[in-house]
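K.L.:
Residue numbers (this note's numbering), protein chains in the order written: chain W, 1 to 110; chain Y, 1001 to 1114.
It should be emphasised that the hints constitute simulated quantities derived from the structure, not laboratory data.
There's no promise every hint is true.
Sample of chain Y residues at the chain W side, in silico, Cβ under 7 angstroms [stated by the list, open to error]:
| # | residue |
| --- | --- |
| 1 | His1048 |
| 2 | Phe1064 |
| 3 | Glu1102 |
Covered stretches of chain Y, as calculated for chain W (at least 3 residues, CB under 8 angstroms) [to be verified]:
| # | region |
| --- | --- |
| 4 | 1020-1028 |
| 5 | 1039-1045 |
Note that CB positions come from ideal geometry on N, CA and C, so glycine has one too.
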Amino acid sequence: GQNIDQPTEMTATEGAIVQINCTYQTSGFNGLFWYQQHAGEAPTFLSYNVLDGLEEKGRFSSFLSRSKGYSYLLLKELQMKDSASYLCAVRDDAGNMLTFGGGTRLMVKP
Amino acid sequence: DSGVTQTPKHLITATGQRVTLRCSPRSGDLSVYWYQQSLDQGLQFLIHYYNGEERAKGNILERFSAQQFPDLHSELNLSSLELGDSALYFCASSVAWGGSNEQFFGPGTRLTVL
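Starting from the given sequences, assemble the full structure and let the hints guide the process.
P.N.:
So, in structure tokens, the structure goes:
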């Protein structure tokens, strides 16, 4: 099975940097995804990691360490619109399904 | 707009009833996934279809069933509905599966069982 842990809530200030951590224990691994979800809306894809290291995409970066079962999402130059839930998800070996963590609700304050 | 469409947007029904949720994947996507999101359970994988065939099942109840049709749209059927089935149901699609194939999520169907 898969077990994915991430903090429930975080608060940060506009313009700052925030790091959202995700740890996972899985019976199989075929990639880790980060999604952003505003309340009542669909999740939208942010990043994908399958090899160890950092992937950078504009203000967002994601890091993966497979040996430690650990990932983080780094958001820079925070904007008010970044207030949302951030979902960490691990894909199974067969590449069929995503198992999601409970999500981290990020509140960005002025 | 992800290109994935879901109907209806909202559905209110009574316990014991049966409903059908519909999903049209992005043009060219062969994989369709269904997820349930409730307040206390987070986003849960239900089932995956690829080009008309079932590929994987998650925590899908026996009262729930799904299929993918030759035109690649998919339907999720929920029967003998219970209060606890109230949730957001998302459909997602991807080109295939595995690799860097990200899943694109539709806007969801909010089901309320009274």
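K.L.:
Could you work out which of the previously given hints the structure breaks and list their numbers from low to high?
P.N.:
Those not satisfied are hints 2 and 4.
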